[in-house]
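K.L.:
Please model the complete structure; the sequences and the hints are all you need to start from.
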Amino acid sequence: MVTVTIAVIQFGGSNCDRDSVQALESLGFDADLVWHEDGLPADVDGIMLPGGFSYGDYLRAGAMAARSPIMEEVRDAADDGTPVLGVCNGAQIGCESSLTPGVFTTNESARFQCEHVHLRVENADTPWTRHYEEGDVVELPIAHGEGRYEITDERLDDLEADDRIIFKYCDAEGNVTPEANPNGSKHAVAGVTGEADHVAVMMPHPERASLDDLGRTDGKPVLQGFAD
Amino acid sequence: MTAFTATVTVRLKRGVLDPEAETTQRQLERLGFELSDLRSADRFEIDLDAESAEDAAERAEEMAERLLANPTIHDYDVEVAERE
Chain A
84 MVTVTIAVIQ FGGSNCDRDS VQALESLGFD ADLVWHEDGL PADVDGIMLP GGFSYGDYLR
144 AGAMAARSPI MEEVRDAADD GTPVLGVCNG AQIGCESSLT PGVFTTNESA RFQCEHVHLR
204 VENADTPWTR HYEEGDVVEL PIAHGEGRYE ITDERLDDLE ADDRIIFKYC DAEGNVTPEA
264 NPNGSKHAVA GVTGEADHVA VMMPHPERAS LDDLGRTDGK PVLQGFAD
Chain B
59 MTAFTATVTV RLKRGVLDPE AETTQRQLER LGFELSDLRS ADRFEIDLDA ESAEDAAERA
119 EEMAERLLAN PTIHDYDVEV AERE
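First to last, the sequence lines map onto chains A and B.
Reading the first sequence from the start, the letters are residues 84 to 311 in the working numbering.
Reading the second sequence from the start, the letters are residues 59 to 142 in the working numbering.
In case anyone wonders, no lab produced these hints; they're calculated from the structure.
Among the clues, some could well be false.
Here are the in silico distance ranges between beta carbons for each label pair [as the list claims (entries may be wrong)]:
(1) A:Asp113 x B:Arg141: 25 to 31 angstroms
(2) B:Thr65 x A:Asn98: 43 to 49 angstroms
(3) A:Ala125 x B:Glu116: 37 to 43 angstroms
(4) A:Pro152 x B:Glu137: 57 to 63 angstroms
(5) A:Thr88 x B:Arg101: 26 to 32 angstroms
(6) B:Val74 x A:Asn98: 26 to 32 angstroms
(7) B:Val74 x A:Asp254: 46 to 52 angstroms
(8) B:Val74 x A:Glu217: 46 to 52 angstroms
20 angstroms max Cα-Cα, derived SDA-like pairs, lysine to any residue [stated by the list, open to error]:
(9) A:Lys269 x B:Glu80
(10) B:Lys71 x B:Thr82
(11) A:Lys269 x B:Gly73
(12) A:Lys269 x B:His132
(13) B:Lys71 x A:Glu229
(14) B:Lys71 x A:Asp236
(15) B:Lys71 x A:Arg238
(16) A:Lys269 x B:Lys71
(17) A:Lys269 x B:Pro77
(18) B:Lys71 x A:Leu239
(19) A:Lys303 x A:Glu222
(20) A:Lys303 x A:Glu108
(21) A:Lys269 x A:Gly218
(22) A:Lys269 x B:Asp76
(23) A:Lys269 x B:Leu75
(24) B:Lys71 x A:Ala255
(25) B:Lys71 x A:His270
(26) B:Lys71 x A:Ala193
(27) A:Lys269 x B:Val74
Predicted, not measured: the structure shown is a model, and the values here were computed from it.
All C-beta atoms in this analysis are idealised placements derived from N, C-alpha and C, irrespective of residue type, glycine included.
P.N.:
Structural data, given as structure tokens:
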């Protein structure tokens, strides 16, 4: 098997970095922690921006990390076709750095929420979702205070029209309802792609649902996206 | 060069939900205050030296564009005053 090397970028305050490495390695990837000040290694096949609280969420979640020098390298790599996945704080960083559209901001509840949610696969034709079927319901954990997806109505309509929303919050039967939306995200958006679908961000944690020993493994297919 | 303070105020665009402001308003109401609405904003006071007030304002605007505000959800304004 060809070795696929994924760089998991560590910022000060990242705390899902080692979980991400463990989950990726369990799927057969070669996953390396990369401290942001060390710069992006030349030979990576994929980049993961893990969860946590980079820079203490000062100013806005992800705002500081998004403007760190390594993110320019991440953007260049993404432009060259390297897959990039941002999860939770990594999703906030992705949006703050304009890799992906919109912004993740304060939950409607104004509280930190740590719970399991259901997601409906909206577009199964991306690297991150192609091991699911469209309409599949998956269960993943969330753990965030700033996960409410915000964007102008006009741009949201464009995202819908262009099939760039990959996951929406739903109930266990797959119905997208206000009650099943944990944080007040517009159109219940939980994950979205960049202009090209090899770049994506999502607030729920696939890496926390990828190890057989821990029960649910609904998140594995997302991480398998790095292989394609 | 003249010493200025540029004050950048960053606020949510009208229509963008502000759960923290709503929570604060509810708490004020619990304390017995009567109010119609409450909006919160972030204010940054930036001391800088510049050739002119216009130059100071331009630099502060660029700071707002590149970091202090997120154009998806924020509006901002800049005021410049000479510093003693």
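K.L.:
Now, for every hint given, state plainly whether the structure supports it.
P.N.:
Quick rundown of the hints versus the structure:
Between Asp113 (chain A) and Arg141 (chain B) the beta carbons are some 54 angstroms apart, a value that contradicts the proposed interval 25 to 31 angstroms. With their beta carbons about 35 angstroms apart, Thr65 (chain B) and Asn98 (chain A) fall outside the hinted range of 43 to 49 angstroms. Between Ala125 (chain A) and Glu116 (chain B) the Cβ separation comes to about 38 angstroms, which falls inside the hinted range of 37 to 43 angstroms. Remark: the range hint 57 to 63 angstroms for Pro152 (chain A) to Glu137 (chain B) is contradicted by a beta-carbon distance near 32 angstroms.
At about 45 angstroms, the beta-carbon gap between Thr88 (chain A) and Arg101 (chain B) misses the expected band of 26 to 32 angstroms. Under the hint 26 to 32 angstroms, the C-beta atoms of Val74 (chain B) and Asn98 (chain A), about 28 angstroms apart, fit the expected range. As the Cβ distance of Val74 (chain B) to Asp254 (chain A) is approximately 26 angstroms, the hint placing it in 46 to 52 angstroms is violated. Distance hint check for Val74 (chain B) and Glu217 (chain A): the Cβ-Cβ separation is about 31 angstroms, which falls outside the suggested range of 46 to 52 angstroms.
At roughly 18 angstroms between alpha-carbon atoms, Lys269 (chain A) and Glu80 (chain B) fall within 20 angstroms of each other, so this suggested pair holds. Restraint check: the Cα-Cα separation between Lys71 (chain B) and Thr82 (chain B) comes to about 18 angstroms, which is no more than 20 angstroms; the hinted pair holds. For the proposed pair Lys269 (chain A) and Gly73 (chain B), the alpha carbon gap of about 13 angstroms is at most 20 angstroms, so the pair holds. For a cut-off of 20 angstroms, the pair hint linking Lys269 (chain A) to His132 (chain B) stands: about 17 angstroms separates their Cα positions.
For the suggested pair Lys71 (chain B) and Glu229 (chain A), the alpha carbons sit about 17 angstroms apart, so the restraint of at most 20 angstroms is met. Annotation: proposed proximity of Lys71 (chain B) to Asp236 (chain A) holds, straight-line Cα distance about 13 angstroms (limit 20 angstroms). For a cut-off of 20 angstroms, the pair hint linking Lys71 (chain B) to Arg238 (chain A) stands: about 16 angstroms separates their Cα positions. Restraint check: the Cα-Cα separation between Lys269 (chain A) and Lys71 (chain B) comes to about 15 angstroms, which is no more than 20 angstroms; the hinted pair holds.
Of the pairs offered as hints, the one joining Lys269 (chain A) and Pro77 (chain B) holds, with about 14 angstroms between alpha carbons and a cut-off of 20 angstroms not exceeded. For the hint pairing Lys71 (chain B) with Leu239 (chain A), the CA-to-CA distance comes to about 16 angstroms; that is within 20 angstroms, so the pair holds. For a cut-off of 20 angstroms, the pair hint linking Lys303 (chain A) to Glu222 (chain A) stands: about 11 angstroms separates their Cα positions. The straight-line distance between the Cα atoms of Lys303 (chain A) and Glu108 (chain A) is roughly 11 angstroms, inside the 20 angstroms bound, and the hint therefore holds.
Between Lys269 (chain A) and Gly218 (chain A) the alpha-carbon distance is near 19 angstroms, which keeps this suggested pair within the 20 angstroms criterion. For the given pair, Lys269 (chain A) sits about 14 angstroms from Asp76 (chain B) by alpha-carbon distance, which is consistent with the 20 angstroms threshold. Restraint check for Lys269 (chain A) and Leu75 (chain B): satisfied, since their Cα atoms lie roughly 11 angstroms apart, inside the 20 angstroms limit. Straight-line distance between C-alpha atoms of Lys71 (chain B) and Ala255 (chain A) comes to about 34 angstroms, which puts the hinted pair past the 20 angstroms bound.
The suggested pairing of Lys71 (chain B) with His270 (chain A) holds, with an alpha-carbon distance near 19 angstroms, which does not exceed 20 angstroms. Between Lys71 (chain B) and Ala193 (chain A), the direct Cα distance comes to roughly 18 angstroms. Compliance with the 20 angstroms bound is thereby established for this hinted pair. Using a Cα cut-off of 20 angstroms, the hinted pair Lys269 (chain A) and Val74 (chain B) holds, with the two alpha carbons roughly 11 angstroms apart.
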